[in-house]
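2 protein chains.
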Amino acid sequence: MDIAAEKIVECVPNFSEGRRQEVIDSIVAEVTKVAGVTLLGVKPDASHNRVVVTFVGEPQPVKQAAFNACAKASELIDMEQHKGEHPRIGATDVIPFIPVKNVTMEECVQLANELGEEIAQKLNIPVYLYEEAAKTPARKRLPDVRKGEYEGLKHEITKPERHPDFGPAKMHPTAGATVVGARQFLIAYNINLSTSDVSIAKKIANAIREVKGGYKYVRAMGVMLEDRNIAQVSINMVDYTGTPLHRVFETVKFEAERYGVNVIGSEIIGLTPLQALLDAAEYYLRLENFDRKQVFEENI
Amino acid sequence: MDIAAEKIVECVPNFSEGRRQEVIDSIVAEVTKVAGVTLLGVKPDASHNRVVVTFVGEPQPVKQAAFNACAKASELIDMEQHKGEHPRIGATDVIPFIPVKNVTMEECVQLANELGEEIAQKLNIPVYLYEEAAKTPARKRLPDVRKGEYEGLKHEITKPERHPDFGPAKMHPTAGATVVGARQFLIAYNINLSTSDVSIAKKIANAIREVKGGYKYVRAMGVMLEDRNIAQVSINMVDYTGTPLHRVFETVKFEAERYGVNVIGSEIIGLTPLQALLDAAEYYLRLENFDRKQVFEENI
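Residue numbers (the numbering used here), protein chains in the order written: chain A, 1 to 300; chain B, 1 to 300.
Hints may be right or wrong, so weigh each one.
The list treats identical chains as interchangeable, and a pair is accepted whether it falls inside one copy or across any two copies.
[Stated by the list, open to error] EDC-like, lysine to aspartate or glutamate: derived pairs with alpha carbons at most 20 Å apart:
| id | residue 1 | residue 2 |
| --- | --- | --- |
| 1 | Lys-7 | Glu-298 |
| 2 | Lys-293 | Asp-279 |
| 3 | Lys-140 | Glu-107 |
| 4 | Lys-170 | Glu-298 |
| 5 | Lys-7 | Glu-297 |
| 6 | Lys-293 | Glu-267 |
| 7 | Lys-253 | Asp-197 |
| 8 | Lys-72 | Glu-30 |
| 9 | Lys-154 | Glu-250 |
| 10 | Lys-83 | Asp-45 |
| 11 | Lys-72 | Asp-239 |
Everything labelled a hint here was simulated from the structure, so no lab data went into it.
Could you build all of it, start to finish, from the sequences and the hints given here?
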């Protein structure tokens, strides 16, 4: 089998149930019953009353699993009864698709459109498209789409500017509404400095973050690591294909020099797509004509 | 399935038949019939009268496939009739095991010992251990083990210093003898210079190659790329775990500076283990506590 040609999409839906284990189990069972889908994680949070489910596979099985789970959640969760700390507008609150391997962002946007339409038609749930799948800038950011939460949107959905992208301009009586979209893989990346002066980390964070004139896909702040007595630039790389790791690392290095400070190390927290590290190796080794298929393991 | 825990060994046996396709097919069939083994390549060479077969899988199935193919070759190839340009001592001339994933060199040496013993016992073929599996320095290098080739070894095998590591001190009447061992994955790596003076590439090659006082696992020479009119340091990295890519790249960079020359790029020719590129990313990004399981694709 040519695994190198295999397409892999990640899907990380959030459901508004973090307490009743039997409900969580029923929703997850809808995912695992789909052939070709691999469940990577189930993280319930009781105070949020919410569960984050992570799975991967080829685009169509992943979409099928997302639809099944959404349908089951609409049967078992009643938003009229739901209480929790986390903002939400529906039983299936949000479904993002994330390109992992041999899949473009455009394909994930297409997948979001197909799923949104299917949820609206078959389940009669209004669907909003967000992030890369958003049809207007006003719906790009999730907090904007979720404004007013379930209780507020119930009334505001009839206003033209809050009409859903698919389905009726009327909340589903128990399942509410759902947000579907596509986004890049987020890499949590921290860079440690040879100083205990957190103000330097804050200045460097400002130099690289988008809102202060820095890189488009960088969110950053300066923090203190008390146990090591060093300052750290703590970063969310929201699109490593647009702003790569090496560019942020090198920029932090030369911004730190301004203060006579060195970078003593960096850390990737949690997971990273392989491509982000291959891109770093390719940059630093100045590789010419490098093809990912030259990685031995990509051929087996 | 926890693919991250899967062990993968590569095996690249060379058989002394590069002309009779039906013989090659029969040998290869012994490999592909073993469940869990993936055939990656079959490269016959008519003038060498030799075929190189590449396959991968878990250690035990890979060893089984190597044994089967060796047994078939001993039936179908008669060294008394064999002629070819490439040095060889047997029908199955050499069988190296190469660690690819979650496998240590020690495990590959163990595998070579097991296979060597099995070939000697069941097929009555004398077996020599080479490279990492060699029991004496004199048998580390393949050319030393193969000295005199089939025709010469037939007489010399009775001398104590040429006794095999397993099996009789007597050539198999048709299959000759076989060399089994373990070695690292070889990475063909070239570094291109901003000069058309090949003598600078040659001087830099001398600075990094083992025989001239350079890095232990580096073979290098300076060559001219006529089509681009630039000089190149052409390198074989024979153990990237001992001498990593970044160290050679950085050394070539600072040795080139001595001549006012820059490194304009580097190239990996053919395949590289993923780990070699992860090691480069880890070095340049100064990653702390990096674990390969943080690569998303290692979990699916």
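message: Within, between, both or neither: how does the pair Lys-140, Glu-107 come out at a Cα-Cα threshold of 20 Å?
response: within (17 Å within a copy, 52 Å between copies)
- request: Go through the copies and call it for Lys-154 and Glu-250: within, between, both or neither, with a Cα cutoff of 20 Å.
  value: So Lys-154 and Glu-250 fail the 20 Å test inside a copy (48 Å) and across (62 Å) alike.
query: Under a CA distance limit of 20 Å, which applies to Lys-293 and Asp-279: within one copy, between copies, both, or neither?
result: Both, since 14 Å and 18 Å are each at most 20 Å.
task: Classify it for me, Lys-170 with Glu-298: is the Cα-Cα distance of at most 20 Å met within a copy, between copies, both or neither?
output: neither (48 Å within a copy, 43 Å between copies)
message: At most 20 Å between CA atoms: does that hold for Lys-72 and Asp-239 within a copy, between copies, both, or neither?
response: neither (32 Å within a copy, 53 Å between copies)
message: I want to check one pair: Lys-83 and Asp-45. Are their C-alpha atoms no more than 20 Å apart within a copy, between two copies, both, or neither?
response: within (12 Å within a copy, 72 Å between copies)
query: Within a copy, between copies, both or neither: where do Lys-72 and Glu-30 come within 20 Å Cα-Cα?
result: Cα proximity of Lys-72 and Glu-30: one copy only (7 Å, versus 50 Å across).
- prompt: When no copy is specified for Lys-293 and Glu-267, does a C-alpha distance of 20 Å or less occur within a copy, between copies, both, or neither?
  reply: between (27 Å within a copy, 14 Å between copies)
message: I want to check one pair: Lys-7 and Glu-297. Are their C-alpha atoms no more than 20 Å apart within a copy, between two copies, both, or neither?
response: Both. Shortest intra-copy (16 Å) and inter-copy (12 Å) distances satisfy the 20 Å Cα cut-off.
- request: If the cutoff is 20 Å on CA atoms, where do Lys-7 and Glu-298 land: within, between, both or neither? Let me know, please.
  value: both (13 Å within a copy, 15 Å between copies)
- prompt: For the identical chains here, do Lys-253 and Asp-197 meet the 20 Å Cα criterion within one copy, between copies, both, or neither?
  reply: Intra 16 Å, inter 35 Å, cutoff 20 Å: intra-copy only.
Going through the hint list in order, the structure does not satisfy hints 4, 9, 11.
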